[in-house]
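*Asks:* Start from chain X and add chains W, B and E according to the hints.
Protein chains in written order, with the numbering used here: chain X, 1 to 493; chain W, 1 to 493; chain B, 1 to 493; chain E, 1 to 493.
Because the hints were derived from the structure by calculation, they are not lab data.
No false leads were slipped in.
For identical chains, the list gives no copy identity; a pair is met inside one copy or between any two copies.
Heads up, simulated SDA-like pairs for lysine to any residue below, C-alpha to C-alpha not over 25 angstroms straight-line: (1) 339 x 163; (2) 339 x 474; (3) 117 x 384; (4) 351 x 376; (5) 117 x 25; (6) 487 x 445; (7) 383 x 343; (8) 339 x 469; (9) 351 x 461.
Protein chains: 4
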Amino acid sequence: MSTLPATSALPFKVADLSLATAGRHQIRLAENEMPGLMALREEFGPSQPLAGARIAGSLHMTVQTAVLIETLVALGARVRWASCNIFSTQDEAAAAVVVGPEGTVDAPAGVPVFAWKGETLEEYWWCTDRIFDWSAEAAADGAEWTGPNLILDDGGDATLLVHHGREFEAAGGVPEATDATSAEFRVVLDTLRASLERDASRWTRVAGDLLGVTEETTTGVHRLYELHAAGELLFPAINVNDSVTKSKFDNKYGIRHSLPDGLNRATDVLMGGKVAFVAGYGDVGKGAAEALRGQGARVIVSEIDPINALQAAMDGFEVKRLESVIGEIDILVTGTGNKDVVRVEHLLGLKHLAVVANVGHFDNEIDMAALESLPGAERVEIKPQVHEWRLPSGRSVLVLSEGRLMNLGNATGHPSFVMSNSFTNQVLAQLELYTRTDAYPTGVYVLPKHLDEKVARLHLDALGVELTELTPDQAAYIGVPVEGPYKVDHYRY
Amino acid sequence: MSTLPATSALPFKVADLSLATAGRHQIRLAENEMPGLMALREEFGPSQPLAGARIAGSLHMTVQTAVLIETLVALGARVRWASCNIFSTQDEAAAAVVVGPEGTVDAPAGVPVFAWKGETLEEYWWCTDRIFDWSAEAAADGAEWTGPNLILDDGGDATLLVHHGREFEAAGGVPEATDATSAEFRVVLDTLRASLERDASRWTRVAGDLLGVTEETTTGVHRLYELHAAGELLFPAINVNDSVTKSKFDNKYGIRHSLPDGLNRATDVLMGGKVAFVAGYGDVGKGAAEALRGQGARVIVSEIDPINALQAAMDGFEVKRLESVIGEIDILVTGTGNKDVVRVEHLLGLKHLAVVANVGHFDNEIDMAALESLPGAERVEIKPQVHEWRLPSGRSVLVLSEGRLMNLGNATGHPSFVMSNSFTNQVLAQLELYTRTDAYPTGVYVLPKHLDEKVARLHLDALGVELTELTPDQAAYIGVPVEGPYKVDHYRY
Amino acid sequence: MSTLPATSALPFKVADLSLATAGRHQIRLAENEMPGLMALREEFGPSQPLAGARIAGSLHMTVQTAVLIETLVALGARVRWASCNIFSTQDEAAAAVVVGPEGTVDAPAGVPVFAWKGETLEEYWWCTDRIFDWSAEAAADGAEWTGPNLILDDGGDATLLVHHGREFEAAGGVPEATDATSAEFRVVLDTLRASLERDASRWTRVAGDLLGVTEETTTGVHRLYELHAAGELLFPAINVNDSVTKSKFDNKYGIRHSLPDGLNRATDVLMGGKVAFVAGYGDVGKGAAEALRGQGARVIVSEIDPINALQAAMDGFEVKRLESVIGEIDILVTGTGNKDVVRVEHLLGLKHLAVVANVGHFDNEIDMAALESLPGAERVEIKPQVHEWRLPSGRSVLVLSEGRLMNLGNATGHPSFVMSNSFTNQVLAQLELYTRTDAYPTGVYVLPKHLDEKVARLHLDALGVELTELTPDQAAYIGVPVEGPYKVDHYRY
Amino acid sequence: MSTLPATSALPFKVADLSLATAGRHQIRLAENEMPGLMALREEFGPSQPLAGARIAGSLHMTVQTAVLIETLVALGARVRWASCNIFSTQDEAAAAVVVGPEGTVDAPAGVPVFAWKGETLEEYWWCTDRIFDWSAEAAADGAEWTGPNLILDDGGDATLLVHHGREFEAAGGVPEATDATSAEFRVVLDTLRASLERDASRWTRVAGDLLGVTEETTTGVHRLYELHAAGELLFPAINVNDSVTKSKFDNKYGIRHSLPDGLNRATDVLMGGKVAFVAGYGDVGKGAAEALRGQGARVIVSEIDPINALQAAMDGFEVKRLESVIGEIDILVTGTGNKDVVRVEHLLGLKHLAVVANVGHFDNEIDMAALESLPGAERVEIKPQVHEWRLPSGRSVLVLSEGRLMNLGNATGHPSFVMSNSFTNQVLAQLELYTRTDAYPTGVYVLPKHLDEKVARLHLDALGVELTELTPDQAAYIGVPVEGPYKVDHYRY
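Only chain X is shown next, with the shape it has when bound in the complex:
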């Protein structure tokens, strides 16, 4: 996909149906692993509570996301979709969603998707821009609106585009890039500059249409709290990330599954007996460390927070600064959500052909920019998303997915069952914003606990779990309703 695809209902060329057919097989299998979403289709399909909703989605365009998209549609919504990562799209899933279960290549009956595996940064932001262009739908409806009324976001790029678009429109123009502007933000500026040239009030109208955003990730949520603290948040936001059934499941159990999957697909490196270093012992790091230990690796952890550090120690892990053990490491994994965690000086200190992998968020966890500008460093592609960097020291390191999320770039992301938890939260959050709008003035919210428990409840039968029921007497004794919610808000699980 080397050229920008045309703006059309079918956003990219599918030469024949084979890609979509393969994707449809996988979607069908994934549905079996996503009991939460399937239960919502059954519960809410008849009443169509999302009728009238126009959802702009920016989230890895995988098979699981296909089941999410088709669930939103089954509840009555209209949807436009982009990926939130240049490498994470599974093309067959995108094709299947575009074609739709009943459609054909020539008459697609699905959802407009703007995503493919291996986008350039320009293509990525063009795609993100596209999900805010609801002119075709407005024309079809004879409606006045410009954009969506809901955003479903992962990492906050869609939300960022709206906020900066409106900001620059208010300021009368897009600022020039400076030396300090990152390569990616230059593309954002260019994208918005082109938009303002076409229509100088577009983002202001888009922002006005929006009822809110539901955000998937730690990083995105962090941005939202900062925006809100600064008084700049434009619409209500639901923090899906901090639902227990998201953060404690997707982040931990998802990474536990997909980190070794990505390592295996990318390399032939045995984990058993090796020294693996995990930077960060939050939920992501906990899942990573457990997975690596489960494969017989010796895991060393780093942490900045003394509480998490103490947890890591109590869980039996060695806790050290990266500098202290750099020469022993075979597999280096970052999962912090911070930047510059692995710097060039670290890369230079690693063993020959050590593997470097990021499961945090952005590619700046590993300082890829500095590596790319390191004199004497040479990049050799072993296969797509696996690069040997030959360093001036004479040693090499293997960098996965160019420092971006390797569980998406080298594997297929979290498995469906885990994503079913996250995405059931997403759908419930979209329902909250759309059907209980008044309950959410501008601000950042987590879902109420009874919905969090509902998400869990919808996933128990598939695992053969029997839930014990409180007697009324027992419920009274601990002061909770028999049917829940069962815990105080500050309970940590």
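*Replies:* Structure of chains W, B and E alone, referenced to chain X:
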């Protein structure tokens, strides 16, 4: 200790110094395992911030508690102490604390302690009453106060006595027991009735003296929130239980250690290969399940909360109702904080000589009252705290610690290192109430996060943990101070 | 690869160098993970102890095998190679070996390889036949020999072909197939029939040339012991499988790595929280069970041997007959080395879309033949090596690699580091047969313990392992040489 | 028990029945955990196959051994017993065995036992001498024999006494001790010198009576193989240690249970988060490492054998020489079977109050002799079997059980279920020697595999294990009988 000891500075008879000497040895070893408390002595000893504090403590009188008590004293406080469980006192620790590091049997220089292993209920509540009698100290100071100005509580019995005492004094008398009154509450009523007879305004004055209480346990905290919700809480309370370094450490890692310890000391039952059932998958249940799995047991878990149930399943445990698997169980552990979790019908369904053990809170997790009144059931003492109950079915079960906390009754409770975390929180909480009184109007509080992180920080060196430090740039990137606190309040660890 | 390739030095068409180049990259990375083989090149390369050796290899043609082949060549041997499994060839590895590090497509300088991914049974046995045809090499040397002087075998197919070839030649012809003859054995008979027609004494001469075979697997070794017990073994055999550094490493740690890898690549099924059933608790089953538990699955094991069954129980696994729990299983793994372990009645009892995977040896662990002839069963290809079987019950099961070894068919087999252990044993065994021929009269042998320890020793540095050295005094105390071997032969590790 | 007890049927003073009654309770509970022994009583009790057997037993006199002794008696044998360790006797078990289920203090009806907790070396060897004195029994029977006809040994001390006794009798006298003679061997010499003075041909007659010995431990077995290799073994020996159901169960799963039990009873040290060092990764070390990891310790292992070292690495443990990490260790465990593993230089390098514990065999794993003679070292008894050694460095270490087996000295040894496996092997081995005498000429034997499998089989029901049965067709396919044995002799489990 079969008779009520005299009210005296030395609350029970120590025939010679051997018990106190043995306790002092253990206290010295425990100090090496309690780096948090020792660090507080070093930091705050010189400034004596607890000078003037009068602390009534009700918490298992173990070796670790001895280090806590002596830390409070080292910070300037005066202390009186009772245990919060009839079986949990380690007599040598009590003796050593009474005698004090410099004292003798004839001239004890330590702290008045009212606790011994194997109290009757009458003795227990008498002891609890004693810690509120500061008349000797008041006389020595020429002061007017009746009781303590701070409570350090575990389970809430001390707090309960004050609240009921004041309530009955306000009502003009203690109500009669009814058929529905539990055996234990009858003793509470009797204890208060005697108190009111001696002094009809004592508890009202005690309540008036109090600056607040710091509470150790889930159960006690639950009572406090209920009292506050009902508008009946008499003074501020700090919920120590929900400090991360308490609930996530003491409850989980403490039980992980002390459950198998108690099982081993009580019985000769191999855990490996056996079926262990753990009721409840909160922090206590998580620690219990991990410990049993670590010994090769096959662990089945029960839960009422779908989120915790899903966690248990994702952690690889079978999740079933107790009824479904009762006939397979070799070791049955309760850690729910609820009542009637194991009922007589369950006990009758267990395998011959199955072990029944409670690490939750009260002895009503297992319905001991119903067992005791079961026709045809016979109790045979194998050794103290280990009883074979011969059931009418012809089978027997082994009940540990008469259904009370077996990790205290059959072992020595949580190990010192874990308790150092909990107790460092306790001391910091006492400091908050005493030195920052205005910051805590009547209500229930958790400690601020920077203190929670401080507790963790004080325990890292002893484990050889290296903490990674944020650069100012990284701190700014994620929006936290370099020195912490690092997490939002709702972060779950 | 749909037509039989021509008999040539380059056994199959490589359109351009890209496949070989990709393979060479992977071989280079694998060399970094195979310290045992690289150490042998360093130790024995100069002295060329395998000069004159002609090795017919039948073993999965993977990247790791490429490093093995090139090690044999580096020690002086000439080699011809086939795969021992129709699905296990990695085409890029085969291409790279054929081309050789210095060769080109037009002037290959490597080793003749007869293997590609997805052979038919006819092609498979044609390939196996080809590794015994050393006429081109004989012509080049002006030599009289017909075939190889050494076999390196995996599963015993190459050895079987020689034994049956010689047997039928002695009998004067190949017997007719009967109704009881399996589909695969019919192909063997056809292959030999064609051979006898061309040359009626070829296999007799081949057998006469052979100094022996080194066998990789449990199954192959089992056949060899049976042949020897029946007095029919034609040449000495070294049982590489039962070197500790093979059976306890390849079988256990290899499967621990490659089973989840295969499951992940084949399906999107989360292992965490699922019920996984592992048939067999030998080394393969132990590795499988550990891997699945390490991913949070609940693992149930079956066993026929009471000792292994007791081990499984003591390791914390539930041990049940497959029939007893069939309806609970999400992932069903076979690793027994026996046949008919999973039968059609089991497949019909599984949950919808349960995954069925074999890591034992032959595809008859799962009764694929019966499934294929089940009326009403329909096979849908999800993707290569992943088939949904729609059953008459209305449910489906997902069968991986058509019941053959899924860690090879769906993943890339054991990782290099594990194979380095196995293959270092193979090279040492080839060296024993070729350079110490007199020490091995016809019979089946394991490698002497000092070589087994040597294999381990060559892999320690790469893992940062420090070995403790005995003092002469300590060695004398336990009666072993300071430099080993350290254990009695019956020691079980 | 500070004086040598009188030679009598009741070898030591039992003031009243309370000790024996407590022991009898525990024996009854242990019987529930020893299904193998109870099944043998049921199978062989009626036929009395050990009628006429006179067994001298030297094995830790615990509750489990009581069940073993009473099983031997139930099969018809007469028995005399000593412990094989000065600290390991459980006095209540000894008392109960002496008194017997039906006896009284005044009329004991059990077995003569010569063992109590805390023997001196002189007492220990006196006790061992006593089990060879069957004069009372001979007199009662009017028989001519001097001693037992079978030995049941643990560590080989009983066997050693016979061999040295006969050797010195043949030499005409006991040699003088030299400077190189160990303190313990001086006691052996004194014991034999006294015996020769009383009766100069006693041990020659004892040796002549003996049909053989069954030996429990690695160390004892090692001595037997050495004796046999030197041509000095006097009678056949069955190596019970190397039954799979012994070495792989008792050594590994027993230590997994009893190591943490001993640590917990001895100290209040949390294992979680601590650095534990395990010297030796044989079966004992594997069990120790698993137990410590299961409690959240970070485990470092040392090994001399490269195969075991590689196993440790592949199991995820750091493998280092003790010297390399000595300053990081909190808990130091030896399980090697060798001497001088922990030397004074190591003890001086440990952290303050590090715990030092031996679960190998003799107290020379830790060089206690050198510690005892270290100038400036001071020993403080914290409690029995727990000593603080204050070192000249100013630091202390805690040494458990004076360097002897701490799982016996600080805890109660392996749990009953594990010992049931070992002891069922012992009984079967005694049966082999006594009833199939001709099958065992002088030499060292392991039990035939079908008996090893039988031991396992007798323990499955108690764990709820379902064994899968081979079909005749499957059995034929892998070439084993349907009912076993299933494995070749070199199979490693």
